[in-house]
Structure formats: C-alpha cells, structure tokens
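Student: Listed here are the chains, written in short residue letters.
Protein chains: 2
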Amino acid sequence: MDLAQIGKIAKEAKTELGSLHTIRKNETLLSAADNLVKDSKKLLEANKKDMENARANHMPDGLCDRLLLTEERIEQMAAGIRKVAALDDPIGEVILEKKCPNGLVIGQKRVPLGVVGMIYEARPNVTADAFALCFKTGNAVILKGGSDALYSNIAIVQSLRSTLESEGIVRGAISLIEDTSRETTTAFMRMNDDIDVLIPRGGAGLIRAVVENATVPVIETGTGNCHIYVDESADFDMALDIIFNAKTQRIGVCNACESLVIHEKIAREFLPLLTRRLGEKNVEIRGDERAAALADEIVPATEEDWGTEYLDYIISVKTVSDVTEAIAHINKYNTGHSEAIITDSYQNAEKFLNEVDAAAVYVNASTRFTDGFEFGFGAEIGISTQKLHVRGPMGLLALTSTKYIIRGNGQIRP
Amino acid sequence: MDLAQIGKIAKEAKTELGSLHTIRKNETLLSAADNLVKDSKKLLEANKKDMENARANHMPDGLCDRLLLTEERIEQMAAGIRKVAALDDPIGEVILEKKCPNGLVIGQKRVPLGVVGMIYEARPNVTADAFALCFKTGNAVILKGGSDALYSNIAIVQSLRSTLESEGIVRGAISLIEDTSRETTTAFMRMNDDIDVLIPRGGAGLIRAVVENATVPVIETGTGNCHIYVDESADFDMALDIIFNAKTQRIGVCNACESLVIHEKIAREFLPLLTRRLGEKNVEIRGDERAAALADEIVPATEEDWGTEYLDYIISVKTVSDVTEAIAHINKYNTGHSEAIITDSYQNAEKFLNEVDAAAVYVNASTRFTDGFEFGFGAEIGISTQKLHVRGPMGLLALTSTKYIIRGNGQIRP
Chain A
1 MDLAQIGKIA KEAKTELGSL HTIRKNETLL SAADNLVKDS KKLLEANKKD
51 MENARANHMP DGLCDRLLLT EERIEQMAAG IRKVAALDDP IGEVILEKKC
101 PNGLVIGQKR VPLGVVGMIY EARPNVTADA FALCFKTGNA VILKGGSDAL
151 YSNIAIVQSL RSTLESEGIV RGAISLIEDT SRETTTAFMR MNDDIDVLIP
201 RGGAGLIRAV VENATVPVIE TGTGNCHIYV DESADFDMAL DIIFNAKTQR
251 IGVCNACESL VIHEKIAREF LPLLTRRLGE KNVEIRGDER AAALADEIVP
301 ATEEDWGTEY LDYIISVKTV SDVTEAIAHI NKYNTGHSEA IITDSYQNAE
351 KFLNEVDAAA VYVNASTRFT DGFEFGFGAE IGISTQKLHV RGPMGLLALT
401 STKYIIRGNG QIRP
Chain B
1001 MDLAQIGKIA KEAKTELGSL HTIRKNETLL SAADNLVKDS KKLLEANKKD
1051 MENARANHMP DGLCDRLLLT EERIEQMAAG IRKVAALDDP IGEVILEKKC
1101 PNGLVIGQKR VPLGVVGMIY EARPNVTADA FALCFKTGNA VILKGGSDAL
1151 YSNIAIVQSL RSTLESEGIV RGAISLIEDT SRETTTAFMR MNDDIDVLIP
1201 RGGAGLIRAV VENATVPVIE TGTGNCHIYV DESADFDMAL DIIFNAKTQR
1251 IGVCNACESL VIHEKIAREF LPLLTRRLGE KNVEIRGDER AAALADEIVP
1301 ATEEDWGTEY LDYIISVKTV SDVTEAIAHI NKYNTGHSEA IITDSYQNAE
1351 KFLNEVDAAA VYVNASTRFT DGFEFGFGAE IGISTQKLHV RGPMGLLALT
1401 STKYIIRGNG QIRP
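If you read the sequences in order, they're chains A and B. Numbering-wise (the working numbering), the first sequence opens with residue 1 and increments by one. Numbering-wise (the working numbering), the second sequence opens with residue 1001 and increments by one.
No lab work stands behind these hints: they were computed from the structure. Hints may contain errors.
To be verified - Label-pair restraints from in silico Cβ distances:
1) Cys1064(B) - Asn409(A): 53 to 63 Å
2) Glu16(A) - Arg1024(B): 49 to 59 Å
3) Arg1024(B) - Gln5(A): 50 to 60 Å
4) Gly103(A) - Asn1409(B): 29 to 39 Å
5) Leu63(A) - Tyr1346(B): 50 to 60 Å
6) Glu1016(B) - Pro101(A): 35 to 45 Å
7) Arg1024(B) - Asn409(A): 12 to 22 Å
Claimed, not checked - Not close to chain B: a few residues of chain A, all C-beta gaps over 12 Å, as computed:
8) Leu44
9) Lys48
10) Glu71
11) Asn192
12) Val197
13) Ile243
14) Ile266
15) Leu311
Just so it is clear, CB atoms sit at the ideal spot from N, CA and C, and this is done for glycine as well.
Next comes chain A alone, as it looks inside the complex (with noise of 0.2 Å):
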C-alpha cells in the first residue's frame, strides 16, 4: 500500500476504532497476545533476517540488542499488550458538564486522538507497544519503524492484522510504512489531512528532524542531559548513593544522570568521594577547572561537555558558588527532562522545585524515577520533553484529546 492508502484506511478507521466498547477492545488485546505468542516462529525468523543484515551491516552491539527478538521477549511484548488491556479505559468520560443560565448543558468528554504516527528506530517491541496502547484509546496507528527492524516489523503487524481481521476490526486500525526512504519519511510527517499526531521516540537525530520537517503537530520525547545539584548542606552518603544510582544503574536511558553541579563550598571534601565511588564502575569524570584541580582523577571538560547526553559511563562536573548559580547552569543546558537537588536546606529545594525548568524535578531522589510505571501509569509511550499537551512519562491519557458536547432545545445567540 502507498502513504496515500494508507492515511486515507487509518482515518477511514477513526470512526468506527473511536466507538468501540471497551470489553471489546481488551478481548481484542487479549486475542492479539496470544497469537503473538502463537506466531513466534514466524518473526523469530523474520527478525533473524534482520539480524543477519544488522551484523553485515556492522551493527553496534548494543543496538543489536535492542533489534534481538527471542520466545522470552515475545512472551514479554505479549505481556505487555495484556497489561494495557487490564488498564482503565479514558475514553469517553466525562471530565465537566455544567449548565448555562440559558438552559444550554456544556459536556466535556475524553475523545481519540484520532490517527497517530508513530516513528521510531529499530527496536521491534516498540510496534507491539504503540498497537496496544493506540487501540486501547479507540486511536487508529501508522507505524514508521526503522529499515534494519522492517522484516521484524511486517511480521509482527502481520500477526497484529489477522487478529484485528478475525475479530472483525476495521482493517485501518494498524498500519505500517514498509518503504522507510527518507522522501516516504518527509511525506509521512506531512500529512495533516490524515494524521491527527506524530509522535517520534529515538535519539536526539531522530527526534530534530522530525521537529524540522514536521507540520502535523509532534509530541517530543525525550532526549534527557539530566542534572543533580549537590547543594551545600547535602548528606554525602545520600548524594553518593543517589549520583551512583542515577548515572550507572542503566547508561543508555533518557532519565539516567548526565552532569553533576556542586557547591564549591563542599567540592574538596566531596569530590575525592564521588571520584572514588563513580570508579567502581570506571566512569569516566569531565569538570570545570575548580573541580579538575581537586581530583586527579577529574579531566578538564569542554563547553561542549554540558549540552551532551552521553548515555556511556562519562559525566561532567560543574562547581558553582550558591543554588542560584546552580539553577541558571541546568536552565541554560537541561533538555527539560528530570533534574535533581540534593540538599537539607529547605529553602534551596523549594526554590530548585520552582525555578528549574524541566518535566520532573526531584529533591533527594534518583533522576531515574521519572518514568511511566514508576509514576503509575501502568504504561508508557514515551517521555515528553515539551510543554504543549503532556509533559513528563506518557501513559494512556496522553493519547487522548477532549470534545465539548453541547445539548440544548433550541438555543441562539442574542
């Protein structure tokens, strides 16, 4: 099918997906995940193609990982689509309903979206986790994967398609893009007649060029050059333990700690510390003059050094005199995901709650908590870096939009 089609049977689709009663759509979920499971050699051998070309291709390894499907991940993606089939379904409520003084009822109801497009990089449980969570919120979806997953791609919305079909679903409700050119890509984020949203989830490259070419309107997800700020009066233990946690615990991830800013007032009995604690896992420590010249272990970082998510065992550190100069570092190369103070002093936190620009901002606590399930959404389809529409870890609401109902009996304007 070309992009034409393919827009025009998803928003054929939005009607008929926008009206579905819920025990119809968790049935269908359910359905899908077993025949997920049942058709597990089918994109095991799809995904070893992949595979095969990735490694020919010279594939980094970590990215191999992510490409890699196995029976356990397919249990896992199937495990998945059924937890969102278990979650409440938002659409349809009633959020206001008032009365006018002229008689007129205003309601104001949890709708679709409508079409989304999703884009994305080659990571093959992504297609199964947008199907469910668009489905679930009566959203039809247009996948746009990246080319090393595509034989993954087909045959997982293969298997997602025939559940659809045996269940009666209209066909639009799923959608992939197979012709992963860059034209087709240009095309697809320019179709505002037929796509209500774009959402992209990848790295920083990904994410600005669909900011760039875009004019369906986009949901940025997060790029995370995360900071915390060790404030004069914090607990070392504490910011010890909760700098390890945020910087090592998972390195590849957008919530994962990027840079340290520190009071210089704390620096010289500080840094020994983090140096020797950060060199458990050899992590590899970039900071301003003031802070290379208390550890031998520090190298000099570059301005480029605070604007950089690395997403590798290396941060950077910034000494700063006071929690003012603190703040207007992260506000000046933050990325608007989590930021984190560690302190006692309770007008410094208050003050870094406020005044830090960001999606999550943390006192005492790991950066690494500013994810859906952890905030209780039961799912995730991204973290939004902007401030239009949601902001932070996106659960199902996130998927939604509102319509205003208006009942009268023959209400005019005077």
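Mind docking chain B on chain A? Use the hints.
Tutor: Just chain B now, with coordinates in the frame of chain A:
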C-alpha cells in the same frame, strides 16, 4: 532590538515571571489598564497613522474597522485587562499528589508555558489581550502583529512596558517584533531554543503559513467551516431560528455557520421556508442538484463550496439520505470547529455527538456559542481546532503546562 535579543530577554524573564505572586500580577494588570486609558491620546495618534496608511493602501472596510481605535475601544481594552486581573490564577495549582510505596511523594503542579509567541493580523486589541492573558499565567509574550497595525502596536506596547517598568517587573515580559518582514517572521517561528509555544490568530492563510513553517510547537486556532444538519425529525421553526442565528448574527466569525446538510425527506418542504428566512438578510444559497431543483433561489454549488469558509452572506446546502451520510459529509469537509444537528431523534442525536469529529458538537443549538466567554472561561485567547493540548475555546488554562515535583529522602531505583 533584533530578534535574537528579543528571544534572549524573554527567555531570561521566565523564571521571574513564573514566580510572581498573584497579588503582584493583578496589581500590575490594573495599573496597565489605567495607564492605557491615560495614554489614549498617544494611542489614537499612532492609530491615525496606521489608518491613513491603510486607507491609502485600499484596505477593505471590514479590516479597517478592526484596525480602528477609538476612546471607547481603548476603554474596552482596559476593561478586558481588568477582567483578566479578576480571574483566578491557575499557576501553582496542585493537580495531583500521591505517595509511592517507596515513600516518594509525586506532585503535579500547573506552571506557565514559558515564552509564548503570538502571530496575528492588524487587530490592535489582540496586543493588549494577549499581554494580559500571558502575564496573568506567568508567561513572557513576544508579539508579531500585522504590519498595518505597527504604529498602534508600538504605542500599546510602550504603554504596557512603562507600567511594567514602574511596577519593577522584568523587561522581557512583553516584546514586540517591529520588523514585519517575511524572513523575520519565519525566523521567529523557528526559535525553538527561546520560545515554548506559538499561537497564530487570524485567517486561514496566516494559520497555514505558521503550520507550514514553524518548528516551535503550534496551537492551531480557528478557521471554522461549521455545519448544521437538519434531520428528518427536526422542528422546522427551531431549525430556521438556529440557522438564521448561526449564519447571519455575525458573518465574519469562525463559529458562524457556512454549510447546511438537509435530510432529503424534508428538503421539499423545508427549503422554501429556508430561502424565505435567509432571504431577509439576502443570503446567497448554493445547493447540490437536488436542493437547487427544489427552490428557484438556490444556485448550483461546486465541489469547492463544500470546503469554503465564506465569512459572508453565503451558505451551501447539501442533501443527504440519512444521518450517516450527513456525518460522513461533515467529517470530510469540516475544519474541526463547531457542528450542530437539529433533531428530535435520540438515536441520531447521540450518533452525531459521538461520530462527528470537531471541537464542539451541538444538538438543537446554534454553533455561535463556541466561545471562551459563553463557555464561562472569563477570557479567550483563541479557539483551538487541533487535538493536542487544548481543543475548543482557550482560556487561561490553555496557557499553562504542568511540572512533576518529586520529594524524597534518598530514594534510588532498584
């Protein structure tokens, strides 16, 4: 000031504006209103220059009227600012607070968007309006008004700025882009580092240009190709009153009715009544073949008519065989603004409310009610026709985002 400087001072003003106490914001708004009235003479002089240029450039009467300032209109601008001062301040409101099993307390708080960019046409009242709404919600605003209103806008912004200065408010709270060239406007739409949201207000051409060129997130506002569907079971008197109101009460507004959809079984009886009623205001009626055959006054419509927002004494008429066909027609040609059904059928009313895809859907009432004041928001910065962030009339809440505030005592992610 050049564009880069304007962006810089607005961004720098964010922290201070976001932390202003409500009392201080309200006092500043009340002073601004008083000072605008005191500066009337300067405003009228500046406006006179704009009006002279406009007339020399043969600006149409309707647009000249929107550009014109009078003592009374300046009083109205001031009254609008005072109304905004009287509204509740949404900033800082805690929407959610919960304690996690590990002791973390997660709160979600309303915060300003940050820097709002407004792009609009030659309507000086929008300048004062936009400032008041953005200032009340702790946002910095950068204004780019139509070049035909430049002198008026400069005078209004000067008056507002001198109030801000005497109240000790940071300078970047309001800026006006005086260079109205296309290059500068395009560069303005792509200042992602400085601007959080762009709101275009104006005709379809302006909105399209912003959607096409902006990389900053946009809230698309209001072209309205609004329909009224007269169902088989409609009360004719009610239908005629509502159509007359929605078409003719004010023709230049986005919630005016532009197109009728009529059930074929009542067309023969209803259309002659309709032509008589709309004839009172000399409304031109363009119909499909079936409609044109039923009344001499109805001229043939072309395909282009179905998608046209006339903003004039013209209306199109399409006949359909049932509510399903009516909904399909509306979902094909509407702009997602306001749509109404006139019916006495419970089933058709519910079907229409559920399946028509628009910001506001009405049963037995005029589309003219889609308005921030009518909906009880006490203010309006525009009417959103997109599904992200806000849909329908936008009050103060539309100018806010949220932020997660997480308080811990050393929590790390296991």
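Student: Are the hints correct? Go through all of them and say.
Tutor: Verification of the hints:
1. Cys1064(B) - Asn409(A): 53 to 63 Å: Because 40 Å falls outside the window, the suggested range is violated.
2. Glu16(A) - Arg1024(B): 49 to 59 Å: Holds: the Cβ-Cβ distance is about 52 Å, inside 49 to 59 Å.
3. Arg1024(B) - Gln5(A): 50 to 60 Å: Check passed, 57 Å falls within 50 to 60 Å.
4. Gly103(A) - Asn1409(B): 29 to 39 Å: violated (54 Å)
5. Leu63(A) - Tyr1346(B): 50 to 60 Å: With a Cβ separation near 56 Å, Leu63(A) and Tyr1346(B) satisfy 50 to 60 Å, so the hint holds.
6. Glu1016(B) - Pro101(A): 35 to 45 Å: This hint holds: roughly 40 Å between Cβ atoms.
7. Arg1024(B) - Asn409(A): 12 to 22 Å: violated (46 Å)
8. Leu44: holds (31 Å)
9. Lys48: holds (34 Å)
10. Glu71: Non-interface label stands for Glu71(A): nearest chain B Cβ at 26 Å, farther than 12 Å.
11. Asn192: violated (7 Å)
12. Val197: violated (6 Å)
13. Ile243: violated (10 Å)
14. Ile266: Fine: 17 Å to the nearest Cβ keeps Ile266(A) off the interface.
15. Leu311: holds (17 Å)
The structure fails hints 1, 4, 7, 11, 12, 13 (numbered hints given earlier, in ascending order).
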